[in-house]
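Please construct the entire structure, taking both the sequences and the accompanying hints into account.
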Amino acid sequence: MKKSKSKNAFILVAATLLAILFLLPLIFMLFTSFKALSESMSSSALFPRAWTLENYSSIFGVAADVPVIRWLANTGIVTIAGTALVVFVDVLAAYALARLNLPGKKFFFTMVVVALTIPGIVTLFPMFYIFRELNLINTFAPLILIYSANTMGVFLVYSFLKGFPRDLEEAAVIDGASLWQILRFVIFPAIRPVVATLAVLTFLTIYNDFLWPSVVTSADEMKTVTVGVANLVQGANFVNPGRMMAATVVATLPALIIFVAANRYFVRSVISSGIK
Amino acid sequence: MRISKTWSIILFLPFLICFTLFLIVPFVYGLYISFHQWSIFGGNGGFVGLDNYVSILTPGNVYSNAFYNGLKNTLIFVAISVVPLVVISLALALVVDSIPDKLKVFYRTVFFISYAVSVTAVSAIFKWLFTGNGGYVNNVMNTFGLGTPNWLNDQPLAWIAILIATVWWTIGFNMILFINALDEVDQNLYEAAGLDGANWWQRFSYITFPSIKGVFVFLTIITVIASFNLYGQTLLITAGGPAQSTTSLIMVIQQVVFNQNNLGMASAMSMLMGFVMVLIVAAQYFYTFRKD
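In order, the protein sequence lines correspond to chains A and B. Each residue of the first sequence is one higher than the last, beginning at 1 in full-length UniProt numbering. Each residue of the second sequence is one higher than the last, beginning at 1 in full-length UniProt numbering.
Take these hints with a grain of salt, some might be off.
[What the hints assert, rightly or not] Capping the alpha-carbon separation at 25 Å, the derived lysine-lysine pairs in DSS-like fashion look like this:
no.: 1; chain 1: B; residue 1: Lys5; chain 2: A; residue 2: Lys162
no.: 2; chain 1: B; residue 1: Lys72; chain 2: A; residue 2: Lys7
no.: 3; chain 1: A; residue 1: Lys162; chain 2: B; residue 2: Lys213
no.: 4; chain 1: A; residue 1: Lys105; chain 2: A; residue 2: Lys162
no.: 5; chain 1: A; residue 1: Lys5; chain 2: B; residue 2: Lys104
no.: 6; chain 1: A; residue 1: Lys105; chain 2: B; residue 2: Lys102
no.: 7; chain 1: A; residue 1: Lys106; chain 2: B; residue 2: Lys5
no.: 8; chain 1: B; residue 1: Lys104; chain 2: A; residue 2: Lys7
no.: 9; chain 1: A; residue 1: Lys5; chain 2: B; residue 2: Lys102
Quick caveat, the hints were computed from the structure, so don't treat them as lab data.
Next up, the structure:
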């Protein structure tokens, strides 16, 4: 008994050291954002000697040369609409595949699995060309719509539904419940953990996506925050680490907050239920 | 069930429409474009058959040089990244899994947190950690008199910086899947092994690993796919340098579309890239399950 206690303590110490090491890049990001230019370029200390808000005011202030607030608003619109679309489309499709007499069910299921292997790069530029021909570049349409072909989500919800007993549903059918009532009162409450997982994963995927939004937005005011800040990172005249970290903090914080708040939904096994 | 076929079709229809419009159509259209001389601004310039593919595969011209360089760099990254990304996350999962339950959730969240960080932020942070002049790592190394290596402009240092950034960014997700798999290992087996006096390594290799092998293979495959898609880190941290040694295949394809205005050629490159990826994944899959 005593032996296992000392072993636990050792593991806790090791895990704590690893955790601190792991968090260092984020700590560096946060504290550098409060350093003035000269200190940020020369200091080997994490904490700022002289705290300053000038990096933040240079982004948000009246004289700000980058529309960070606009980028955040764009990201908000795109992620919320995109996530809602994916959840709606995927849950209904997974339910039809897993539970209903969908004609050609086997064919569609195979199609979903095969589509999982198609690499994104193969469809990305043709899709860009199509949206460009439709004059939809620099609109919300390409930024939201493409995520709806999310076969991974269908697969995730499908696997969860497969492992969920049919009894309740059958009882509801015998009681004369409508399809809507079954979905609303039986299925949806039961699959809430997997829907929440799908929603959070989709939200973070869209929020953090880089290649696609960088291809379909050229106008500064249509960029998402991920693309906007990437342009700052690439910009040759943006050589102030403190300012870059301030922009990065602003871009990262909303996703981190949502992630930590939704963390409890990453219920044991939910993500991996799709793998086995 | 009395729910009609019509309803099942109606429920499936939204997905089918999205899937067709945003996956099937662009895939088929991309294949079609790859057989044509096609530019972003000029559109279809005529059928050229396999010419684009031939140009890419015949060594010596500008497109094949770019393609082979991008493919080589991408394969180097796949080769150096997959083992650490899988092995370190498994090791981390084993550490977190042996923490008492109450604290486990906390540590799990900490190591998973970088999953919520975008490639832009990851790149911005690591670019300033590793910048040669004024970067934080070199400031610290300088304090200890360790010199100031030119991380982002010398090889293999540039790959090391990109690898560290990628490992930090990705291991949390892999770790979560490993932890979930470890949670489902039959605890009775460990008790029996404990009675038989099995040591840590024996328990790992005879009980733990066989139980999580499915997840291990799945994660190796998705890690290979993710590493193939290398783009943001090399674009933003090293800008493809030094001397184009970190210019990844997707960066090459993107340059062919926008700098050379050659969508036909870029589509052919994408198809070839997709083909190489599917081949490698299929080989991995076949190799693993043939041995079972």
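Hint check:
1. Lys5(B) - Lys162(A): holds, 19 Å
2. Lys72(B) - Lys7(A): violated, 45 Å
3. Lys162(A) - Lys213(B): holds, 22 Å
4. Lys105(A) - Lys162(A): Within the cut-off at roughly 14 Å; holds.
5. Lys5(A) - Lys104(B): holds, 16 Å
6. Lys105(A) - Lys102(B): The given pair, whose Cα atoms are some 43 Å apart, is violated under the 25 Å limit.
7. Lys106(A) - Lys5(B): Cα-Cα ~15 Å, so holds.
8. Lys104(B) - Lys7(A): holds, 15 Å
9. Lys5(A) - Lys102(B): Measuring from Cα to Cα gives roughly 15 Å; hence the hint holds.
Hint compliance for this structure: hints 2 and 6 are not met, and every other hint is.
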